[in-house]
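Engineer: So the chains spell out like this:
Protein chains: 4
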Amino acid sequence: MSDRVATEFTGPHTFASDNYSGASPEILAALAAVNVGHDRAYGADSETQRLQTLVAEHFGTGATAFPVFNGTGANVVGLLSMLPPWGAVICSATAHIHTDEGGAPEKAGIKLLTVPTPDGKLTPELIATQAWGYGDEHRAQPLAVYLTQSSELGTLYTPEEIAAITQYSHAAGMRVYVDGARLANAAAALDLPLRAFTRDVGVDVVSFGGTKNGALGAEAIVVLDPQAATGLPYLRKHRMQLASKMRFVSAQLTALLTDELFLRNARAANAAAARLRAGVEAGLADGSIQGVTFTQPTQVNAVFATLPPGVADELRRDFHFYDWNSATGEVRWMCSFDTTDSDVDAFVAAIARSTTALAG
Amino acid sequence: MSDRVATEFTGPHTFASDNYSGASPEILAALAAVNVGHDRAYGADSETQRLQTLVAEHFGTGATAFPVFNGTGANVVGLLSMLPPWGAVICSATAHIHTDEGGAPEKAGIKLLTVPTPDGKLTPELIATQAWGYGDEHRAQPLAVYLTQSSELGTLYTPEEIAAITQYSHAAGMRVYVDGARLANAAAALDLPLRAFTRDVGVDVVSFGGTKNGALGAEAIVVLDPQAATGLPYLRKHRMQLASKMRFVSAQLTALLTDELFLRNARAANAAAARLRAGVEAGLADGSIQGVTFTQPTQVNAVFATLPPGVADELRRDFHFYDWNSATGEVRWMCSFDTTDSDVDAFVAAIARSTTALAG
Amino acid sequence: MSDRVATEFTGPHTFASDNYSGASPEILAALAAVNVGHDRAYGADSETQRLQTLVAEHFGTGATAFPVFNGTGANVVGLLSMLPPWGAVICSATAHIHTDEGGAPEKAGIKLLTVPTPDGKLTPELIATQAWGYGDEHRAQPLAVYLTQSSELGTLYTPEEIAAITQYSHAAGMRVYVDGARLANAAAALDLPLRAFTRDVGVDVVSFGGTKNGALGAEAIVVLDPQAATGLPYLRKHRMQLASKMRFVSAQLTALLTDELFLRNARAANAAAARLRAGVEAGLADGSIQGVTFTQPTQVNAVFATLPPGVADELRRDFHFYDWNSATGEVRWMCSFDTTDSDVDAFVAAIARSTTALAG
Amino acid sequence: MSDRVATEFTGPHTFASDNYSGASPEILAALAAVNVGHDRAYGADSETQRLQTLVAEHFGTGATAFPVFNGTGANVVGLLSMLPPWGAVICSATAHIHTDEGGAPEKAGIKLLTVPTPDGKLTPELIATQAWGYGDEHRAQPLAVYLTQSSELGTLYTPEEIAAITQYSHAAGMRVYVDGARLANAAAALDLPLRAFTRDVGVDVVSFGGTKNGALGAEAIVVLDPQAATGLPYLRKHRMQLASKMRFVSAQLTALLTDELFLRNARAANAAAARLRAGVEAGLADGSIQGVTFTQPTQVNAVFATLPPGVADELRRDFHFYDWNSATGEVRWMCSFDTTDSDVDAFVAAIARSTTALAG
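Chains as they are written, first to last, in numbering that gives the first Met the number 0: chain A, 0 to 359; chain B, 0 to 359; chain C, 0 to 359; chain D, 0 to 359.
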């Protein structure tokens, strides 16, 4: 194993990102299971048809899936299908499409109208700050709203909050796209079916994320209101997101949607984050951990905290994680489907050692 | 198996495309082998580092690989890295980037200057018909040449032919990109190391194709002359071709480059096409097959032939393949790494039955 | 004047292009006439309203004009308004959008499907060679046809020819755009109202060219079928073709459309070309001109001819014109609205001197 | 005149925008003066050469001008010439390129990184909030800074302020572009040569605006550091900003740069705004005007003020101007080169009447 895992990791698991983890065994098994003989390419294969059936079961009759390679591809192609050329997208200032896609939306000609938020979540009032200028040719027209569920800051929209957004947005003439790179974590935390907080509350198009939840590399654009999206086969192809051996992408998604694997994986990741949070809180309570403050609620699989100076570096001798805001000392600890209790406990102990050592 | 393979296939293997086949067992095994614990994302993982080592072994010291998801992504991102914004690409009228990418190059702002060819292959003389207008702001500047090796018509460039092209092109101020979706088939047919007909003969950037040669979905942009390509990490990211769990893409490519799997697979596909060709030729010689003519030499894994009217439909009752030019009755028969001798023999027999039936 | 006109011109008029000429006095007068006080910007001014009235008179009730800065802007913005993102444009291989716009359509994401033609003119049969692949996501969808009237080769479509094209195209699901940079020359040559060979024969959108016909810089996208074009105000703005002081663009066009100035100018240019052609033909007949052959009919204001080697250089000592195909010695002689009889006669005499001298 | 000026204007001059005004007579005269015979197209004419000489005189030896049609075209093409494909632009949240170009930068693939400012002006500290993430492929790379001089809010950078910005930006690896749609107003207000607050303080590329300062429609991208800009002729052409009869664009700019017409016009506009401000301040002092507050200093030709509810509507019965922020009642009053003292005095009187009427 040593030639596969970077030597800086003393343990097999990190808190850097849920894309540092590998794949669930069920998903590797699914790849092997579909690896039988020949099948049509570009999505005309039978596994992709099975995926449609499963997607309709989970998201509602008529929901259709367009498998793509990654989250950025899902977001950009999904949004393109919902907008005329002069359409712009309202999103949070923390939106993945704005902060972490290298400018991919703009390369596809999409202007983003960003709104600062305290917790990464939009509301009708916040959206309204950008929902104006209709008919003014000097303003890119706000015609779609982009939400991330669960958000980049690990926070969660309730179904009611999403319903309020879709009602407001539709009334204003805008469609609603949900970036579901971590949709499963939301479903697990809300303990609701996928459709309950997407299709049933007015979301027009959602991405169902596999990669961050135990897949190797698989996402699907799921169209919930067929009136909302046009030309997806063409857009996906010419934006270079069309897999030829699509059965291998679809199989990852069907495996996730079979026997609730997507929920089991997400629950495990959420639980690990909850355990991590609880462990740190306990340490703060009994004094074994000092100087750590949380900057966001822990609702899914991410913990955002601020560390005293020097602690992050100390911790990184054994555990890998990202800075979120180096100016303030805010860090992000992400848990994956395979993060174990002992991983978490070891990390909590390390946090205790580091903060105590540096505190005094 | 019945729910995985379309029922119109009576045999497990088709002659439709080398992306109808599945994956080599070695490649699935490689995915399982890298599925150990956590590793850095976005290409900073150790498997991607191993890939660099293997790529340097095969393509020469200093050659660097940028894994991407599909051939269209490799072509467009590779070409973008070689061109200023006003650069255009000279290519054959049969070029995949022109005929089969849904306009993806144009969506990325790249203008193609196409040249008709008799056999899908460019030559310095043919390239010269478009290599003019330098300094004329009204003309998109021809600054790159795109070749496909082996070509869309299943034909092959010798190393000397490529050298002539690169010498001409470089002297004219153009860089040379080789679409290597079927590079392995060329290597197998030429019986030469990969570098012998790419790096060693002046090719600047080449894509190494895995998907059509037994991978699930993996291609790499390989930069042979670092002076030729700029900004690839950024271009790959904002053109949506950056895999987060890149180890799973790299592992497919390292598996192909280990123990010559890429050659074994390609030789098998080439041999199947040769057997198919020979079988049909034998049938034509002894009269058991009538009215079939070949439109291109069979140099790798594709056979292009013209069938008498009605024969394609008859054959399609049992075997799947594509029309190439319905006006003329030209069809394309593609062999994959897993096409067996009995697949081929059964197909030849069916061709005999169909042509005889309809002729008589 | 000497500091304004390049010293290589011994005469004030050239045969290089109809954009070498200046502006009709009526148009300068129109600019002065609208230069009164303040008026709304961006097309809400009263002169732009007058233009709409004149355009409706000439092109038919309901025809609407969108003034833009240049022909490339008209073409690209016009085509964008007629296409979904996956739409491609069928055009002649000599089309201005393909040969002379520096790749502007591709920069706007438009793929061109070119068709070789003998005389720069498309026909239903020629268009049909590219009108296929509908529904195939791998093929940019042919959804618009682009014609140039009068063509880049100075040839002319009859109304019947255009009607045949629009009928064919509409039946195939394609819209028809006419590049009218030299529309006036066509109207003059056909001796028909503008609507007779555009709106009345099914053209969906046409550009009305001013710049090549005595304006300073003014073109209008004219929408003939409102169903055919969507979002023009937005497209024009974000493609940077929206004039703030639009009255000064509109005034050039209203001046052209008033008292048939556009026809007077075009007739003059056409007549000059006819005179030039006749003069050369007479010279060929009486032997005073040798070795010149015409490559296209002279139907409007351009003469295309092949000159013996060395003659072009000799002629260029006094007269400026462009090579059209240096390999064959083909040149283009363009006449403008202000090309006089004596200009033409002097040129004919020079051609006689040059060809005779070099002939020996 | 009645058919040219919208009937809602009782006076010939408005306070809506400096693009509501017409053209200086000197500029119309310049158009007539260059309208002599034929001259080369696309900028090879002698008037464009004269422009280069004048630009070098005003901006420094080696400064080169690229005339374009409008400010949006200058900004986008100028920025494109300064950036690699992965480059992003740091700008104020009030930047014209962000608020008023319909998304044109994004259509050209440029991502904007916006910074809130109190007065429309950037500072090194403000720029630094976005000048990070270098080398991170997930972040569009901040490689240019965009300033507007004078700003969208009518505020002014001193040469020292610009020098601080260019020093900071260059040290951080970023080039500096100045949107000079109202550069002349800045020059007039600063009472400095154009080069003193552009070239001499490190600005790399600046647009010289004519349209808002008495031209019909003419702007020039002026390259001050040739190392900073690449490919402008190609970029201008394929972004559809290349005028064929360029002498008519250049003549407008040469006229402005001759005998300081650009300064005379700008001084007039600035003086009118100063008079307007002073008149309102006097009214506030003596009580004849009530409830009006200024939201920005009046440094050039714009006055930004907040009006009590209902006053704007009342005023608009006779005077045209724009709302700036309808939520707060903020309006913008722009003065043009042709705004007279009596225009201003009449407006001040109307303000007095409106505010008094509604207050009492």
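Worth flagging that the hints you see were computed from the coordinates, not collected in a lab. Remember, it's a predicted structure, so these values are computed and weren't measured experimentally. A couple of the hints might just be wrong.
If you anchor each label on the Cβ, the simulated ranges turn out as follows [to be verified]:
(1) B:L191 to A:T339: 36 to 42 Å
(2) D:A28 to C:P83: 45 to 51 Å
(3) B:P225 to A:P83: 37 to 43 Å
(4) A:E56 to B:A277: 48 to 54 Å
Sample of chain A residues lacking proximity to chain C, with all beta carbon distances greater than 10 Å (derived) [stated by the list, open to error]:
(5) T60
(6) P84
(7) P117
(8) K120
(9) E124
(10) E136
(11) H137
(12) A139
(13) E159
(14) D190
(15) R235
(16) D285
(17) T327
(18) G328
(19) A358
C-beta atoms are modelled at their ideal positions from N, C-alpha and C, and glycine is treated no differently.
Engineer: All hints, please: hold or fail.
Structural biologist: Cross-check of the supplied hints:
1. For the pair L191 of chain B and T339 of chain A, the beta carbons lie near 50 Å from each other, so the given range of 36 to 42 Å is not met.
2. Hint check: A28 of chain D to P83 of chain C, Cβ distance near 48 Å, so the stated range 45 to 51 Å holds.
3. Between P225 of chain B and P83 of chain A the C-beta distance comes to about 41 Å, which sits within the given range of 37 to 43 Å.
4. A C-beta distance of roughly 50 Å is found between E56 of chain A and A277 of chain B, which places it inside the suggested range of 48 to 54 Å.
5. No Cβ of chain C comes within 10 Å of the Cβ of T60 of chain A; the nearest lies about 25 Å off, and the non-interface call holds.
6. Against chain C, the non-interface label of P84 of chain A is violated: not every CB pair exceeds 10 Å, the least being about 6 Å.
7. A cut-off of 10 Å between C-beta atoms confirms that P117 of chain A is not in contact with chain C; the least separation is 32 Å.
8. The Cβ of K120 of chain A sits about 30 Å from the closest Cβ of chain C, beyond the 10 Å cut-off, so the non-interface label holds.
9. Separation of E124 of chain A from chain C is adequate, the least Cβ-Cβ distance of about 27 Å exceeding the 10 Å criterion.
10. Not every CB of chain C is more than 10 Å from the CB of E136 of chain A (nearest about 4 Å), against its label as outside the interface.
11. The beta carbon of H137 of chain A sits about 6 Å from the closest Cβ of chain C, which is not more than 10 Å, so the claim that it is off the interface is violated.
12. With a closest Cβ-Cβ approach of about 7 Å to chain C, A139 of chain A is found to fall inside the 10 Å limit, against its non-interface label.
13. The Cβ of E159 of chain A sits about 35 Å from the closest Cβ of chain C, beyond the 10 Å cut-off, so the non-interface label holds.
14. Non-interface status of D190 of chain A relative to chain C is upheld: no Cβ of that chain comes within 10 Å, the nearest being about 39 Å off.
15. The beta carbon of R235 of chain A is not kept farther than 10 Å from every beta carbon of chain C, the shortest such distance being approximately 8 Å.
16. For D285 of chain A, the non-interface assignment is confirmed: its Cβ lies about 59 Å from the closest Cβ of chain C, beyond the 10 Å cut-off.
17. Its beta-carbon lying about 38 Å from the closest one in chain C, T327 of chain A satisfies the requirement of being farther than 10 Å from that chain.
18. Every CB of chain C lies more than 10 Å from the CB of G328 of chain A, the least distance being 42 Å, so the non-interface label holds.
19. With a least beta-carbon separation of about 55 Å from chain C, A358 of chain A lies farther than 10 Å from that chain, consistent with its non-interface assignment.
Violation of the numbered hints given earlier is confined to hints 1, 6, 10, 11, 12 and 15; the remaining hints are satisfied by the structure.
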